[in-house]
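Using the sequences and the hints, build the whole thing.
In case it helps, our numbering puts the sequence shown at residues 1 to 427.
One or more hints might be untrue.
As the list claims (entries may be wrong) - Have a look at the derived ranges for each label pair, beta carbon to beta carbon:
{"no.": "1", "residue 1": "Asp-182", "residue 2": "Gly-376", "range": "41 to 51 Å"}
{"no.": "2", "residue 1": "Ser-214", "residue 2": "Pro-415", "range": "53 to 63 Å"}
{"no.": "3", "residue 1": "Ala-221", "residue 2": "Glu-327", "range": "23 to 33 Å"}
{"no.": "4", "residue 1": "Gly-379", "residue 2": "Thr-110", "range": "40 to 50 Å"}
{"no.": "5", "residue 1": "Gly-219", "residue 2": "Glu-327", "range": "22 to 32 Å"}
{"no.": "6", "residue 1": "Pro-245", "residue 2": "Pro-94", "range": "42 to 52 Å"}
{"no.": "7", "residue 1": "Ala-318", "residue 2": "Asp-188", "range": "35 to 45 Å"}
What the hints assert, rightly or not - Think about it this way: if two alpha-carbon atoms lie no more than 30 Å apart in a straight line, the pair counts; the simulated DSS-like pairs of lysine-lysine are:
{"no.": "8", "residue 1": "Lys-162", "residue 2": "Lys-62"}
{"no.": "9", "residue 1": "Lys-180", "residue 2": "Lys-62"}
{"no.": "10", "residue 1": "Lys-180", "residue 2": "Lys-407"}
{"no.": "11", "residue 1": "Lys-162", "residue 2": "Lys-407"}
{"no.": "12", "residue 1": "Lys-162", "residue 2": "Lys-180"}
Source of the hints: derived by calculation from the structure; they are not laboratory data. Just so it is clear, CB atoms sit at the ideal spot from N, CA and C, and this is done for glycine as well.
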Amino acid sequence: MKKLILLLILLVVPFSAQAQVPFERAETDAGIIGLSITNFGTLGKPDVRNNPESGSSMRFPKSTGTEHLFEAGIWIGADVGGQIRLSSSSVTNPSGYARGARGFEFTSETIITRRSTDPNNEFFSVSAISEKDILTAFTDRRRSVNGTEIQGHDNPLYTDVKLESYNWGFPFTENFTILKYDITNNSDLHALPETWDSVYVGMYADLVVRNVNSATETGGAFFNKNGVGFMDSLNTMYAFDAGSPDDPSINTYGAVSIIGAEYRNSFFHPDNPDTLDGKFTETGFNVPDLGPSYWLFSAGAGAFTAPANDNDRYDRMAQQFPYKDNEQNLREDGQSGNGNYISFISMGPFPQVEPGETITVYFVFSAALKPDQFQGQPGKSVDNEDSRVNMVSTINSANSVFRGEDKNKNGVLDPGEDTDGNGELTR
Numbered sequence: 001m002k003k004l005i006l007l008l009i010l011l012v013v014p015f016s017a018q019a020q021v022p023f024e025r026a027e028t029d030a031g032i033i034g035l036s037i038t039n040f041g042t043l044g045k046p047d048v049r050n051n052p053e054s055g056s057s058m059r060f061p062k063s064t065g066t067e068h069l070f071e072a073g074i075w076i077g078a079d080v081g082g083q084i085r086l087s088s089s090s091v092t093n094p095s096g097y098a099r100g101a102r103g104f105e106f107t108s109e110t111i112i113t114r115r116s117t118d119p120n121n122e123f124f125s126v127s128a129i130s131e132k133d134i135l136t137a138f139t140d141r142r143r144s145v146n147g148t149e150i151q152g153h154d155n156p157l158y159t160d161v162k163l164e165s166y167n168w169g170f171p172f173t174e175n176f177t178i179l180k181y182d183i184t185n186n187s188d189l190h191a192l193p194e195t196w197d198s199v200y201v202g203m204y205a206d207l208v209v210r211n212v213n214s215a216t217e218t219g220g221a222f223f224n225k226n227g228v229g230f231m232d233s234l235n236t237m238y239a240f241d242a243g244s245p246d247d248p249s250i251n252t253y254g255a256v257s258i259i260g261a262e263y264r265n266s267f268f269h270p271d272n273p274d275t276l277d278g279k280f281t282e283t284g285f286n287v288p289d290l291g292p293s294y295w296l297f298s299a300g301a302g303a304f305t306a307p308a309n310d311n312d313r314y315d316r317m318a319q320q321f322p323y324k325d326n327e328q329n330l331r332e333d334g335q336s337g338n339g340n341y342i343s344f345i346s347m348g349p350f351p352q353v354e355p356g357e358t359i360t361v362y363f364v365f366s367a368a369l370k371p372d373q374f375q376g377q378p379g380k381s382v383d384n385e386d387s388r389v390n391m392v393s394t395i396n397s398a399n400s401v402f403r404g405e406d407k408n409k410n411g412v413l414d415p416g417e418d419t420d421g422n423g424e425l426t427r
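Shown next as structure tokens:
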């Protein structure tokens, strides 16, 4: 009998070790922005238009039906032995995430867990960063999802990604979440060890700003009223409702920013002042590029043609998009129902990522009201410095929270910055 039990254990344990963690979804709720996060690497809730009561996608304020996102997800691209490889957690798809669908190439590694700095919270932890942390992990190494083959996922990077979302409920933090992505080259664990060269990291985002409670339009008409733009000084892409008939509605902005990256003990980001005096190039690092890209959901041409394969997607990260040439169209096309744009932001290249090495990239998802004078139907189409003032303030707050003691943004604890006296740079 004991031998039979032992045999059953030997058979069951390997199977359990290989069993995949099921799809899970959580929602930020520390403040007044509700961003949906999954353990498959996708952000947003694609069915929110048809099922608004089942939870938020990227809702702000949470007490309204004003959504800002269909779906988003990270892209990681690299040259591996002369071959371009790119793994994506979300791509353009009318239904959003679907098991085994092309471009949805990450699968869960863990369930979603929570932490809190609040001693009275059930998830209190001394390792928590914010009032309400959301943590998960996912990988691109699998070729199938519970028996369903992932279409076109033939050349993984063998990357494991840890995602942490940081959230606070203070008045100056309540409308953004900071997303920390730890991206590890684990090719040495899952396959043959391979170095990643010329690595780019980006965020695909089908930003769309509509009130799902009052909108009567469906299909493409729901998505094509967008105005989109990019603020270079804040490394931020954004979207707004430029022309919908939604009434009542609140005029808001939804935005995605890249606020930092860590690479080989360096704050690897264009905002690092060391990039101005050559310190990056002295150590062999390039000054990273950071910028947006846009394409139409369908029927795009020229610069707005949707990327069709990994090489196209990598090019979207590695090549500069002609933003200034198209700025006006991007801002105004939604007024005539031609604004069904996909937004994308990326940075790189990270010169190399060796097997076992980790790079870290920080994003911010935020939303903000247009000021009172830009509310109502006449204010929908307005996009200027005055209408963006609350959004700019929000992103500045997120940057301030992220930098912590690093007042000069160089990633180093300089004299006079150690306010907590622990001898370390505290963010």
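Hints versus structure:
no., hint, verdict
1, Asp-182 - Gly-376: 41 to 51 Å, "holds (44 Å)"
2, Ser-214 - Pro-415: 53 to 63 Å, "holds (55 Å)"
3, Ala-221 - Glu-327: 23 to 33 Å, "holds (24 Å)"
4, Gly-379 - Thr-110: 40 to 50 Å, "holds (43 Å)"
5, Gly-219 - Glu-327: 22 to 32 Å, "holds (27 Å)"
6, Pro-245 - Pro-94: 42 to 52 Å, "violated (22 Å)"
7, Ala-318 - Asp-188: 35 to 45 Å, "violated (25 Å)"
8, Lys-162 - Lys-62, "holds (26 Å)"
9, Lys-180 - Lys-62, "holds (23 Å)"
10, Lys-180 - Lys-407, "holds (20 Å)"
11, Lys-162 - Lys-407, "holds (27 Å)"
12, Lys-162 - Lys-180, "holds (8 Å)"
Checked against the numbered hints listed earlier, the structure breaks hints 6 and 7; every other hint is satisfied.
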